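A.B. asks: Throw the hints in and build the complete structure from the sequences for me.
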Amino acid sequence: MTTTLPRGRGESPGDLAWEDPPGDLKLVQAQYIVRHGERAPVRRRLLQADPPMPVRWNLCHATRQFHHSVLQKGQSADEFVSLHAKIHRTVEYAHEPEPTTGDAGDCLLGELTDLGRVSMLRLGSKLYGLYGERLGLIPRDASQYVPGMFYFRSTYMERTLKSLEQLMTGLFAGHAPTFVPKLYVRNVGEENMLPNVRDCPRLAELIRRFERSAAELYNPQLAALDSVISPHNNGRPPRVDGQPRLSGLIDTIRVAQAHNIPIPEPFKDPETMALMEKAVVQEWFAGYGAADPEVRRQFRSLSIGSFLGSLYSRMEHAANSISPLRLAVYMCHDATLIGILQSLECFNGHWPDFAASIGLELFRGNGHDKPSSTSYPPNPDEPTLASEAPSNYFSVLGFGFGLFIGVALSSHGATSSCMA
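When the sequence shown is numbered by the UniProt record's numbering, its final residue is 420 and no position is left out of the sequence of numbers.
Hint data in this document are derived by calculation from the structure and do not stem from the laboratory.
Hints are supplied without guarantee of correctness; some may be wrong.
Taking lysine to aspartate or glutamate and the EDC-like style, the derived pairs with C-alpha atoms no more than 20 Å apart in a straight line are [stated by the list, open to error]:
no.	residue 1	residue 2
1	Lys278	Asp334
2	Lys278	Glu211
3	Lys182	Asp141
4	Lys278	Asp241
5	Lys126	Glu19
6	Lys86	Asp114
7	Lys126	Glu165
8	Lys86	Glu98
9	Lys126	Glu111
10	Lys268	Asp226
As the structure is a computational prediction, the values presented were derived from the model and not from experiment.
C.D. replies: Here's what the structure looks like:
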């Protein structure tokens with residue numbers, strides 16, 4: 001555990017920022033919320049920039065040849081057996097008059113890249129290095145694993161599913177190669193690791209409101225960047241609600257930087273990028289800090305409250321000795337991490353990197369009546385994140401190599417508020 005404040009964007013050092021806790025505390029559970037690994041952009045942007053961004057992102061060689069589960073017919077007409085077939089995947093581009101075939105290693109838009117796979121493998125290895133080899137939270141002998149000791153869940157998107165598969169490989173391959181863990185995924189309408197605007201009209205309304213207010217606040221300031229950004233953006237000025245949206249420009253630049261692809265000179269200026277980042281953070285996440293306490297409470301509850309509640313529930317079950325869970329990993333998105341940090345009022349304003357993570361650790365104390373002095377007391381005017389739990393337990397929250405704060409969490413009912 002550490003008590004330093006977050007300075008970066010959720011980077012994970014080799015020891016995952018661990019510092020030994022006081023001797024009378026014992027680690028009993030760790031939960032990690034992880035942004036997926038590096039990916040290709042989700043849209044084609046800045047194609048007329050100097051230098052131009054790639055039309056084709058040739059960063060996905062690991063997926064060119066892969067084994068895919070298939071069903072093959074068995075000996076009888078009604079018998080089928082599951083096998084693995086080797087498939088050669090090629091990206092096809094819908095050009096006129098005939099489609100064209102991409103090069104080996106071309107990525108689909110938004111696809112996890114080779115670098116993203118490596119990042120996830122390394123994070124899995126780090127998790128075992130800390131919680132297995134160093135701390136013994138995870139048994140080194142796979143024969144000591146019990147049902148419910150691990151929980152792995154991903155959102156339904158391909159890049160998060162593949163990221164979690166790679167992380168799990170890094171976690172288990174070295175010491176438990178025959179262990180077959182379960183990976184859980186939910187249908188879109190039941191997913192709570194992302195704001196569910198499709199099934200929550202009230203949340204969709206609030207998000208649109210804050211998008212408009214961010215444009216009104218920051219578009220005049222962004223006009224100062226027109227002369228340097230527009231020449232690289234097909235003559236279009238950078239705007240929160242522009243075409244492409246400002247968030248899309250930043251995303252494309254961040255993807256290029258992550259893969260050491262040259263970017264236009266104006267995007268290398270720290271002040272330019274800081275202004276653009278502030279505008280996009282305001283657009284996406286201002287609702288978490290709304291001036292109106294009721295709007296702020298509702299936004300947090302509808303956006304991330306259900307997921308926060310599930311995190312707390314797993315800690316509570318461990319504290320009450322009704323769950324064997326020792327390690328949980330949730331593979332999600334930047335919006336998930338920022339939503340959690342905003343709701344706990346410890347967001348540092350920096351957009352999380354690919355593979356950024358939040359660690360939530362539960363300790364058992366001997367004779368502790370309350371959390372240690374590193375605890376973060378909830379604001380009584382905010383929607384409470386506290387709940388009753390055994391007094392000799394407390395949790396520690398960590399963002400990348402920085403923040404560790406004792407907190408308690410609870411769920412908030414959100415269904416009725418969705419229709420408000």
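A.B. asks: So, for every hint listed, does it hold in this structure?
C.D. replies: Here is what the structure says about each hint:
no.	hint	result
1	Lys278 <-> Asp334	holds, 15 Å
2	Lys278 <-> Glu211	holds, 13 Å
3	Lys182 <-> Asp141	holds, 18 Å
4	Lys278 <-> Asp241	holds, 14 Å
5	Lys126 <-> Glu19	holds, 15 Å
6	Lys86 <-> Asp114	holds, 19 Å
7	Lys126 <-> Glu165	holds, 15 Å
8	Lys86 <-> Glu98	violated, 27 Å
9	Lys126 <-> Glu111	violated, 24 Å
10	Lys268 <-> Asp226	holds, 15 Å
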